[in-house]
Amino acid sequence: MARVTLEALRKRYDSGPDIIRGIDLSIEDGEFMVFVGPSGCGKSTLLRMIAGLEEISQGRLLIGDTDATHLPPAERGVAMVFQSYALYPHMSVGDNMRFGLRIAKLARAEIESRVGRAAEILQISHLLDQLPRQLSGGQRQRVAIGRAIVRKPAVFLFDEPLSNLDANLRVQMRIELTRLHRELGTTMIYVTHDQTEAMTMGDRIAVFNGGHVEQVGPPMALYETPANTFVGQFLGSPRMNLIPAGGASPSVWQPEHAAQTALLGVRPESLGLAAPGQGWPVRVDVIEHLGDTTLVYLSAGDLPLCMRLPGGRCDLQPGQQLHIAPHAGGLHQFDASGRRLSTQ
Amino acid sequence: MKRPQIAPYLLHALLVLFFLFPLLFMGVSAFKGDEMQLLRDMGTLRAFLPVGELSLQNFRDVADRTRFDLAFWNSVGVVGLTVLLGLLVNSMLAYALARFRFPGRRWVLGAIVALIVIPFEAIAVPLLLLVNQLPWFSEGQWVQGWLDSYHVQVLPFVANAFSVYLFYQFFVALPKDLEEAAQMDGAGPWRIYWSIVLPLSKPVIATVAVLQFLARWGDLLWPVMVVRGDEHATLPLAMQTFFGQFPRQWGDVMAFALLATLPTLLVFLVFQRWFVRSVISSAIKG
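As they're listed, the protein sequences go chains A and B. With the first sequence counted from 1, adding 11 to any position gets you my numbering. With the second sequence counted from 1, adding 26 to any position gets you my numbering.
Careful, some of the hints might be misleading.
Unchecked claim - SDA-like mimics (lysine to any residue), calculated; alpha carbons at most 20 Å apart, straight line: (1) B:202 x A:94; (2) A:116 x B:215; (3) A:116 x B:218; (4) B:202 x A:100; (5) B:202 x A:144.
Hint data in this document are derived by calculation from the structure and do not stem from the laboratory. Values in this document were obtained by computation on a predicted structure and should not be read as measured data.
Working from the sequences, and respecting the hints, build out all of it.
This is the structure we're talking about:
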């Protein structure tokens with residue numbers, strides 16, 4: 012187990028612009044850290060830099076107390092699970108797991124004991140003699156994790172490991188990975204573009220955008236107090252509504268930072284029906300019944316909004332005119348650059 | 027019910043026959059012991075039919091009049107070694123070009139592609155002058171010139187631009203994740219090449235092996251230029267013995283040719299599974 016420290020890490024290819032633009036981050040020993048962000052934000056590149064698969068252009072990487080900036084991958088004490096699983100197709104499941112241990116020249120008995128133990132944890136003992144092509148997606152994923160476990164790494168790196176699985180299996184594997192983290196207690200860094208995975212699995216989340224970190228913190232802290240509109244909109248589904256402050260009725264919000272406030276952010280579940288003449292006047296466009304909740308898509312003039320109402324049934328009709336207002340504490344104020352000012 | 031399509035089958039059958047005719051002619055003629063009958067049949071369809079007096083006389087002649095066994099083993103040794111060394115050298119070069127980043131990589135690749143279009147005939151004479159000057163360590167001392175040896179028939183053909191190109195194309199298409207996973211497992215470039223890349227390259231290995239084998243097995247030009255006498259002669263050169271005789275014994279020639287062709291069929295049968303797969307996958311991968 013180890014703490015991972017990134018000090019002003021930068022990455023650029025040849026003379027191009029920085030892909031990773033100076034990242035300072037400390038991942039605690041035994042922590043489950045999730046890197047989340049849209050495609051091309053640099054989260055996978057950063058993970059590969061930690062793994063040693065990409066050179067670090069500038070800055071320093073510490074794994075434990077060791078400066079790992081220029082260490083080869085195998086000497087960093089990290090193991091990686093790839094998006095494609097990257098199982099060696101010509102080797103049996105057992106040999107896939109033994110490969111790294113054989114290179115490390117471990118004793119045969121030690122190798123067998125580690126493989127046996129990992130297979131037991133992941134419930135793949137019966138698959139050890141099979142070839143990867145004979146396995147299902149979920150089983151392959153387990154083998155890929157098993158291959159990482161047997162090496163007893165100080166840090167596990169996961170690069171979008173669930174993105175090739177179907178929705179049901181993804182939920183199941185999400186739970187299993189969380190359980191595995193609890194059992195092993197090893198530091199884990201997990202890259203995903205799926206905000207549900209980020210919210211449900213991480214002790215902390217780092218939200219990436221354009222090669223830098225927008226905000227780091229526990230999932231609920233980020234959800235409840237996003238540092239800016241990007242984080243506010245990236246976490247949460249459907250995404251946070253952003254409303255220009257100028258058009259809002261004074262009854263909706265207390266103008267604490269009135270001068271600087273340019274945007275108001277309200278999550279769909281923080282919106283509710285208001286008495287006529289109060290809040291924002293809107294028109295109902297589409298209603299989606301999700302069973303436990305109802306999503307109501309609205310328009311306030313040209314501005315599309317979304318409201319989540321509790322319960323699967325509601326008597327609203329498309330085309331209906333109504334007024335909506337945020338619940339107390341559900342209104343986030345942002346300045347013109349998108350930075351958060353306060354939450355009311 | 028859908029009517030069976032006869033036309034495509036007929037066309038295929040015709041094509042098969044078209045390609046089989048020379049083989050059939052060779053096979054049938056090899057068993058025609060009477061040289062006069064063979065010559066009479068040549069102008070008619072009987073040339074393709076096992077008619078008349080059939081015997082193993084021609085094969086006996088081959089065994090008696092030529093050193094077929096020596097030439098056969100020379101061919102096996104020379105061609106086998108060329109193919110084996112070629113697989114190693116060319117795949118290693120291609121792997122380095124496909125995966126390592128070093129200055130001049132693109133130039134080397136460009137030069138290799140350019141070399142493919144240069145026919146051997148264009149470099150045969152300069153190559154002959156070169157090998158005639160090169161030193162070789164033999165019987166405890168350095169000697170000048172490689173002529174009349176096995177290595178002169180092997181070494182110039184080990185490195186092959188087309189083989190490098192085939193390997194290169196295959197390696198760049200291999201998923202990089204596998205090699206990165208091996209890197210994470212602690213494997214160095216050699217280990218990755220041996221344990222991961224080569225075992226996954228059976229289709230391209232089969233393709234290169236078959237193509238190189240066919241090219242070397244049937245080569246006559248170079249052996250004619252560098253080998254004199256029977257000792258180092260390969261099959262195509264040994265077959266020339268018949269063309270110096272008069273009257274020319276076509277039955278013997280055919281028996282010799284048939285025997286010389288069998289190993290190529292064997293090699294193709296052994297590698298066929300991967301070879302065909304490779305050709306198919308190169309067709310559908312785009």
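**Study point:** Hint consistency between residue 116 of chain A and residue 218 of chain B [alpha-carbon to alpha-carbon, up to 20 Å]
**Key:** Distance of about 16 Å is within 20 Å: holds.
Point to revise | Distance restraint between residue 116 of chain A and residue 215 of chain B, which requires alpha-carbon spacing of 20 Å or less | key: holds (17 Å)
Practice item. Starting from residue 202 of chain B, check that the Cα of residue 144 of chain A is at most 20 Å away, please. Key: holds (18 Å)
Check your understanding: For the pair supplied as a hint, residue 202 of chain B and residue 100 of chain A, is the alpha-carbon distance within the 20 Å limit?
Key -> holds (13 Å)
Review point. Taking only the CA atoms, is the gap from residue 202 of chain B to residue 94 of chain A under or equal to 20 Å?
Key: Holds: residue 202 of chain B and residue 94 of chain A sit about 12 Å apart, inside 20 Å.
Checked against the numbered hints listed earlier, the structure breaks none of them; every hint is satisfied.
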